[in-house]
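Start from the sequences, fold in the hints, and give me the full structure.
Going down the list, the sequences are from chains A and B.
Sequence positions in the first sequence follow my numbering and run 271 to 595.
Sequence positions in the second sequence follow my numbering and run 2 to 326.
These aren't lab readings, by the way, just hints derived from the structure by calculation.
Each residue gets a CB set at the ideal place from its N, CA and C atoms; glycine is no exception.
Here's a subset of chain B near chain A, in silico, CB distances under 10 Å, partners left out:
no., residue
1, Ala53
2, Phe55
3, Met82
4, Phe84
5, Tyr87
6, Leu89
7, Phe90
8, Leu93
9, Leu103
10, Leu159
What follows is each chain in one-letter form.
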Amino acid sequence: MTHDPLIPAKAGTQAEPAAKRKGRLGSRLRGNERGKNNLAVLAPYLWLALFFALPFALVAKLSFSHSALAIPPYAPRLDLSHGLTGLADFLRGLDLATYRRLASDRLYLLAYLSSLGFAGLSTAILLVIGYPMAYGIARCRPRLRQALVLAVILPFWTSFLIRIYAWIAVLKPAGLLNQALHLIGLPSVTLLDTNAGVVLGLVYAYLPFMVLPLYAVLERQDESLIEAAQDLGLTPRRAFWRVTVPLSAPGVAAGVLLSFIPMVGEFVVPDLMGGSRTLMLGRTIWTEFFADRDWPAASAVAMVLLATLVVPLVLVQRRRAALLP
Amino acid sequence: MSAPLVRFEGVTRRFGAEAAVDDVSLEIAEGEFFALLGPSGCGKTTLMRLLAGFEAPDAGRILLAGEDLAGVPPHRRPVHMMFQAYALFPHLSVARNVAFGLKAQGRARAEIDARVEEMLALVKLEGLGGRKPDQLSGGQKQRVALARALAPAPKLLLLDEPMAALDRKLREETQLELRTLQRQLGLTFLIVTHDQDEAMVTADRLAVMRTGRIVQVGPPAEVYERPIDRFVAGFLGEVNLFEGPDGCTGVRPERMALSRAEPKAAGRLPGKVAEAGYLGDRTVYVIEAAGRTLRAAQPSGGDAFRVGDAVWVSWPATAVMRLAE
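So this is what it looks like as structure tokens:
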């Protein structure tokens, strides 16, 4: 994505695949003790430590701090000039106060639920739009197929922000959409700065993340399986539901995860296309961080978001791993 | 033989300008094991797919038990197919694969279970109903595919290169098993293969195809011993060709006799053993005789010749096959 990497909402997005990868690598290392001697095995761990574990630890530490009138605006700060006493003082200063505040303030809970709602609804719409798209592309002649896949990827070559601004130009009260509606004699619609606008923006922004994994599984699907199902007495429609759909489950899972998880923490779309009352976590984190300068609160919100997304994923992964022989 | 179950009447199927099946007329009797034999690209698979309903003829018609199949979709044809790579549903257990066609027919649960048991016993896979296809060996997969196609009791079973994925020893066993099974069930089997041994071992009658046309139809012994032309003679085994003033003739290597003294046979040539290949049950000799290279196969146990020996090659008049170009 082309989001500003400074936007803390992305914490949840990037942490997820990294966390999954960590689980896989861990089990591989356990299964292959000799690999420990191999430096090449360490490289991904180093990468994980530098770009996932360390930032994660920093955000976690921040979430246990207090906001303070200082630069940077939190306390306690780790001061090692006094040696170990400094570390001890620092550790004593950390507590769960921010989390307690989070739990007691209904606004945070509402923001979580609302974010999950936006992401859930948008994911459902994405699936309904994306599946037929991917299926259609996978069934095309090879040359047309390549062109269509390219068309799905093409928007990535333009800045995400510019594309969202283009949507604003389309949707604004006197924008292209309403001009077109006016021309054919229909009443104008208000989409910009509404929740519907946010869903529209999310669906638009994440469509490729749904279509591409679905396309990947559907394109590889063995045509003779569908023929076998029809040969055994299923109509083409029933063969689709009984064979094509179940066999595309891995693609559905990948598409849902790739769109749902970043959408929960999405900031740009709700900020630019949503109304003032659109409640999404990405904005909450941004507000805490930049407007209120409450870095610990922003970090705690991000930590809870990460936990709500990663913990179920890890559990699902465990169960799937246990089912495999 | 009873009334024809299948009747092709002047069937043509074109792909672009090329006719994959070119004006084919053919009858297959009820209860017959029929083989379509030919090199790859000869149209045999297309002919089978026309029968299954995955292709529609551009000209001519196909009758099944006297009824025109035109416009009948694959799922409504009482014809089941065993696919070349088996096309087992990877997401379903063996039992549910076998039950697939029965479920599509809307049979009662108890009936389905009983039939699945019966079919698994028939192909000697008792107790493997709970496995997934990827937990089976190649030979087991092949038998699941067979059980799945047989379970809904088709009028006609189509087998598309059913042994192509098996190793040689297993293939030979399976060919005879398939023959026995067909005899037990009394069903009509149509097998498509490029392997002449497979066609000859299994089939009551076979049709040799070339470039979309049927060249010769008959029982294996008849086609082998009285091939219509050089192509059929060469495709169904080895043949020594003689170009004469009144056309081309051929003699099978096993009809060639070798002797040290001049024989009194209708055809004879003096020559020299150029190569000898011992195959256990027989030895194949390459003989240089009168400027040509002949092959002669001699059963083991008789006189053995060495490379360089002077020999007479001879053959009876009944062994001479008259061959069209």
